[in-house]
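Residue 135 in the numbering used here sits at position 135 of the sequence shown, with consecutive numbering throughout.
None of these hints come from the bench; they were simulated from the model.
Please note that a few of the clues may not be correct.
Straight-line distance between alpha carbons at most 27 Å, and here's what the computed BS3-like set of lysine-lysine pairs gives [stated by the list, open to error]:
#1 144 to 100
#2 79 to 144
#3 100 to 126
#4 79 to 100
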Amino acid sequence: MTERYCANGHLMVILGGANCGCYPDAACSIPVYSCRECGDSDYGDNDHAKLHREMCKDARECNSHGFDYASLPPLHLTKAEFEALPEYSATLPTGTTGGKRWRRQDGAYDRRCEKPTWIVGEFEAKDFGDQKNIRINWFVPVLKMDAPLTGV
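Please model the entire structure based on the sequences and the hints provided.
What follows is the structure in structure tokens.
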């Protein structure tokens with residue numbers, strides 16, 4: 001393990017850990033350093049933390065799951081329509097009614113471990129002869145103006 005020094009040149013100690021950022025339940029933890037003399041802290045922005053992220057199986061799983069948000073089709077909604085959608089950020093809605101929509105602040109398996117992104121899910125009922133299945137279609141919400149701009 002490499003030694004870490006604060007901006008004032010004091011030796012820092014490992015204060016504890018912080019989640020890698022892939023998703024809240026990840027077991028991985030990156031080291032956080034703190035200086036006992038001046039209180040300076042390093043919240044996982046260090047070489048030791050970088051090594052942890054590279055070796056973390058949860059971070060690798062994070063990189064292999066999730067949406068490529070740019071590839072999702074847009075869904076044009078007004079702000080009121082978007083805010084009226086029920087939110088299921090940690091779960092999926094119950095039932096299988098085709099056409100049911102909900103919003104989700106997705107980030108659980110965000111490929112780049114960035115800030116969560118709003119997406120909209122929609123159940124699509126499919127009939128395959130003797131079987132009925134449900135599919136979830138995902139969209140990126142695009143807010144449209146409720147009224148044209150008049151310049152007033």
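Hint by hint, here is what the structure shows:
no.	hint	result
1	144 to 100	20 Å, holds
2	79 to 144	7 Å, holds
3	100 to 126	14 Å, holds
4	79 to 100	18 Å, holds
Comparing the model with each earlier hint shows no violations; every hint is respected.
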